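Trainee: Given chain A, put chains B and C in place with the hints provided.
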Amino acid sequence: MLKSFRIGGIHPQENKLSAGMAIQPVAVPEQVVLPLLQHIGAPCQPVVRKGDKVKVGSLIGKSVGFVSAQIHSSVSGTVLKIDKAMDASGYKRDAVFIKVEEDAWEEQIDRSDELVTECSLTPKEILDRIAAAGIVGMGGATFPTHVKLTPPPGTKAELLIINGVECEPYLTSDHQLMMEKSDEILVGITLVMSVLNVQRAIIGIENNKKDAVSLFTKKVAAYPGIEVQPLKVQYPQGSEKQLIDALTGRQVPSGALPISVGAVVQNVGTLFAIYEAVQKNKPLVERVVTVTGKEVQRPCNLRARIGTPLTKLIDAAGGLPENTGKVISGGPMMGKALASVDIPVTKGTSGILMLPTPEAKRKAMNDCIRCGKCVQVCPMGLNPTLLMTLTEYEVWERAEKNAITDCIECGSCSYTCPAYRPLLDYIRLGKSKVNGIIRARKN
Amino acid sequence: MSVILAAVATLGAIGAGSAGILYLVSQKFKVEEDPRIQEVQDALPAANCGGCGFPGCAAFAAACVHAESLEGLNCPVGGQETMDRVAAILGQTASKTTKKIAVVRCSGSCEERPRQNLYDGASRCSIAAALYGGDTGCSFGCLGLGDCVDACTFDAIHMNPETMLPEVDEDKCTACGACVKACPKDIIELRKQGPRSRRIYVSCVNEDKGGVARKACNVACIGCSKCQQVCPFDAITMENNLAYIIDDKCRLCRKCAPVCPTNSILEINFPPRKETPPAAKEKEVPITA
Amino acid sequence: MEQKLIVSPSPHIHSGDTIQKNMVAVLIALIPAFLVALYTFRLDALLITALSVLFCVGFEYLIVRFVMKKEPTIPDGSAIITGVLLAFNVPAGLPVWILALGCLFAIGVVKLSFGGLGNNIFNPAIAGRIFLLISFPAQMTSWPATAIADTATDAVSSATVLGLLKQSPEALEALPLQQMFLGLEPGSLGEMSAAALLLGLIFLLWKKVITWHIPVTILGTVALFTGILFLIDPLPQYNPLIHLFSGGLMLGAIFMATDYVTSPLTKKGMIIYGVGIGFVTVAIRLWGAYPEGISFAILLMNAFTPLINSYTTPKRFGEVVKNG
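Going line by line, the protein sequences match chains A, B and C. The first sequence begins at 146 in the numbering used here and counts up one residue at a time. The second sequence begins at 1428 in the numbering used here and counts up one residue at a time. The third sequence begins at 26 in the numbering used here and counts up one residue at a time.
So that you can see chain A by itself, here it is in the shape it has in the complex (with noise of 0.2 Å):
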C-alpha cells in the first residue's frame, strides 16, 4: 500500500500529455513586461526609471516589508516605461517594460552547467542569498520562500518535506525538472536543511512518476538524511497539509501553519531556484513552464524568461487550437482561468492549459440531492455542500463554526458534483467573508 493523505481525496484523469518532453528554452522576446507583484503579499518598489539600462539578474523591484520578494530583470535592455499591465488576476497592476538588447548577464552570475555540490556560506547568509533572489513558493502558491524558511519564534522545524507530488492534472514541469536536475535539485536539498538546520529530509512522489521516484531514490544514496517516498496517485496529494500527512501521519490543526506539526514543505521548482541562487548566484529569472491541452499540436515543457509574452509560449507549443475555450494559467483543478492570453509569465506561471470549449464550459447546476459524494471527497473533512448553502444566506457564523476557514480551494467538491454545484465558487466567496470577520474581531 501506497502512502497517502486519509481524508476524501480524488482521482481526475492524469492527462500528463507533456510528460517525458525535454524542457525546451524560449526565444527571448523583444519586450518583457515584470508586474511588481508576482507573490504573495506587498508589491515591490520598482527601483529603475524609464530609460535605465538594465542586464539579466539587475534588480528592478525592492521588496517592501517582510512578506516580499524581490523582482530581477530577466532581459538585458532598456526601461520602456512602468505603467498598468494586465496579469493572471485579471486586474490591472504596476509593472516594468523592458525593451530587449542583446543578452547581457549581470557579473556575479554563473552561467555555467557544473555541478556546486560545496557551499562555504552560514545558513543566515544563504537565507539572505534566496531573499536576495526573490524566490517564491514555485508550484504556484508564490509565497516567499525566504519568509517560508524562517520559522516563527518559539518553533523548530525537525523535517524537511519535499513537494515533487504535481498531483495537477495535466502539469508536468516538476516532473521533467526532477529528471533532468536532480542533483541541483538534491544540493538545493542540502542548502534548506542547513538553513533549518534539519537533520532529515522527504522527497515525495507520486507513483506515476515512477522513473522519477527510482532516479531519486538512487541518487539520495550519497546524501545521508534524504529519503525518498512515493505516493499514491491522488488529488490533492501536493497540498501542504495533505502532503505532511501522507508522509509523517501527523495533521496540522486547523489555522495552523506546517511547522506547528514540525514540517517544512518546499516544491522542487523552489529548490531548483534555490540551488542556483546560492551556488550560481542567479536570481529567479526564468521558470519552466508546461504548455498543454488535448487540442495543443505540441504538448511541451518549456523554460522561460520571467515577463515573457504567454502568447510566445503558446507558438512554440504550435498555437492556440481553433476551439479553445478556456486557457487556464496552472493546472485544471486550481490554476486561474485567463481573461486574455496578453499576459507575461509571471514567477507563479507552472503551466498554460488550453481547454477546448465543450470541456470549458459549465453545465447547468441543479439542486442539490444531497448525495454527499463532496462530504466524501473534502480532503479536509468539510461538508461543501452546507458551507455553499451558508454562502448563499450569509450565514457567517455557523460557516465559521463549521470551519469554513479551513478549506484548501482545492475543487475535489465541485469536481465531483453529480448536479454540477459550483461548490468552491461559493465557499472561496464565504472563507474570504468570514477571514475578514475574523480579522475585524481582532481588531
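Note that these hints are calculated values from the structure, not bench results. This structure is a prediction, so every number in the text was calculated from the model and none was measured. Every residue gets a Cβ at the ideal spot worked out from N, C-alpha and C, and that includes glycine. Accuracy of the hints is not assured; some may be wrong.
Taking lysine to aspartate or glutamate pairs in the EDC-like style, the calculated list, with each CA pair at most 16 Å apart, reads [said to hold, decoys possible]:
(1) K340/C to D551/A
(2) K425/A to E252/A
(3) K1619/B to E1634/B
(4) K95/C to D512/A
Ranges between beta-carbon positions, derived for each pair [to be verified]:
(5) N1690/B to K207/A: 56 to 62 Å
(6) G1442/B to E96/C: 48 to 54 Å
(7) E247/A to P1659/B: 56 to 62 Å
(8) L249/C to K1608/B: 52 to 58 Å
(9) Q28/C to D1613/B: 45 to 51 Å
(10) K1608/B to W122/C: 53 to 59 Å
Mentor: Coordinates of chains B and C only, in the frame set by chain A:
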C-alpha cells in the same frame, strides 16, 4: 347529551384553569418596557431593512427612545415625515435630513462596453469580482450579475436585460443602502434625490488613464477635467483620473454635462435642453495619458 | 483574438458524474429484482411497473410544467425510479386506480410540493406506499400467490411469511428460507428475492453510487437485534434469517433507505440512520400492529435526517490526530 355536557364542562374547566395560570405567570414575569418604544415602532415603516444601521425597526425604535437627542438617527425609508412623527412622540426635534436615492454610477451597457470574455462562474457579482476584473475591458464597472437586485428588499432595483445594468425605481427606492453594501465594485452611491428628483452625477467609476478607460468603454470618464474647469461652484473633484460631483456643492446648473466628451455625466429628470450643445462636444476626444 | 475566452473560478474540469448517471445505475441495479418479479407474476409485474412509471413521470411532467411553471425535470430520471420503487412495493394485481393515486401522492405531495428533487424530506416511494397501505389496507395486503407455486388456481390471497409469523408462528414449522432467499414466497412485486436485490447492491457498491454504510448497518442491526432475541428464546419469530430475507427489508435497505435526498450526508450520520431503521423495523415487526415495519422505519428516520445532519459533522482534518 350528558356526555357532551361533561366534555364541555371538562374542557371549559381546563381552559379556564390554564388561562388563570397564564395570567398569573404573565403578571409575575412582566417586563417593564417604555410604552413609547411601541409607539415609535408603530410610526416606523416596518420594513426592517436595516438602512438606519440598526437590526430592524424595533431596535431603531428602542434606540430613538433611549437616545438623548435624535441627532444622527434617521430612518431612510420613512424620511423626514416619519422622523418628525417620531420626534413628536418623544417630544424632541428631528434632525433635518435630505431624501436620498441610490444611483448606479456605470453606464457601460453591452453596446458601449463590449464584452471581451465570457464569465461562466456562479452568478454572483461578489464571486466574479473576487475572481478577476470582469468580462469587459473595464475592471471597475458593473458586472451585471445582480447582487444589488438580490439585496434590495423593496423591489426597487432591476436589471435591464438590454443594457445588463441595474436600474433604480425612483418611487420604490428608500435609500436604505443595501445595494450599496452588496455591490463589490462600489458603483452604487446614495445621492440627494434633488429638487423635483433632478440630479447630476458622473456615471463612471473607472480610475484607469483616459486612453485605457476610453478603449474599454465609450461612456467612460477619461479624467479630462473639462467639467471641473467649467463648474462655477467648485463642485467637481478630480481624483485617480475620475471626476466626481459633490452633492452638497452642486447647484444643478447643468454646465458640466455638455462639455463631457464621453457623455459620462448624466442629468436625470431635467427638461430637454433648448440650444444645441457646443460643437466641441462632438469632436476631439482629449486623452490624458 | 476572434474568440472570447471563457473565465470561471477553478476547478476547470469535472468528473463527468451526473444525477442522471446515478439514477440510471440505480435502475440497472433494480433489473435482477424486476426479472424475478416478471418470472413470478408474469404480465402483472410488467403492467404494474410500466403503469407506475408512466403515472409518476406523467404527474411530474404535468405538475412541473403547469403548476410550478418550470422546465420539466423528467430527464434527471428520479421520477422513473420513484415509479419503479413504488411498483416494487405494491402487490401484483393492485387495482390501477389505486396505483395511480399512490403515484400522485408520491410525486405531487411528497416530492414536488417540497420543491422537487433534492428538497423533499421523505422518500416519495416509501411515503406513497405507506399512503396506500393506510388508505387501502385490504388491497395492499392481498398477495396473489406466486405464479410458480399456484399456476392452476387463481388464488388471490396468501399470507406472507411475516404475516404468518404475526398471526400463527407455529404454522411456520419448516422455514422456507431457501424459497425466501430466491423469491418464491408471496410478497410485494419487487421484494420477492433477496438474492436479486443483493445482486443490485453489489452493482451499486461497485459503481460507487452508494456506500456500504446504510444497507450494511440496517441489515446488521436487524440481524444482531433479532439474533440476540433468538439466543435468549429461540422462537421462529426471532429467527434472524427469516427477518433478513422476508418482507421488504432488502428492498428497503438497499434501494429506499439509501435515497440520496432523504438520507444523511456523513458516514457517522449514515450509521446512526441505519441503526435507527434496523431497530424500528424489528420493533414494528415483533411488537407492532403491522407485520412489516421497514417502510415506517425509513419514513421515521427520513424525518430525523436533518437532525442527524446537523449533529454529525464529518471527521475534520487535524481534529483528531495531531502528532500521531
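Trainee: Now tell me, hint by hint, if it's right for this structure.
Mentor: Right, here's what the structure says about each hint:
1. A threshold of 16 Å between alpha carbons decides the hint, and for K340/C with D551/A the separation of about 13 Å falls inside it, so the pair holds.
2. As the CA atoms of K425/A and E252/A are separated by approximately 11 Å, the hinted pair is consistent with the 16 Å bound.
3. Pair hint K1619/B plus E1634/B does not hold up; C-alpha atoms about 23 Å apart against a cutoff of 16 Å.
4. A threshold of 16 Å between alpha carbons decides the hint, and for K95/C with D512/A the separation of about 13 Å falls inside it, so the pair holds.
5. Evaluation of the 56 to 62 Å hint for N1690/B and K207/A yields a failure: the beta carbon distance comes to about 43 Å.
6. The given range of 48 to 54 Å is respected by G1442/B and E96/C, whose C-beta atoms sit roughly 52 Å from each other.
7. For the pair E247/A and P1659/B, the beta carbons lie near 58 Å from each other, so the given range of 56 to 62 Å is met.
8. In this structure, L249/C and K1608/B meet the distance hint of 52 to 58 Å, their C-beta atoms being roughly 56 Å apart.
9. For Q28/C and D1613/B, the hinted distance range of 45 to 51 Å is not satisfied, since their beta carbons lie about 32 Å from each other.
10. Checked against the hint of 53 to 59 Å, the pair K1608/B and W122/C passes, with Cβ atoms roughly 57 Å apart.
The earlier numbered hints that this structure contradicts are 3, 5 and 9.
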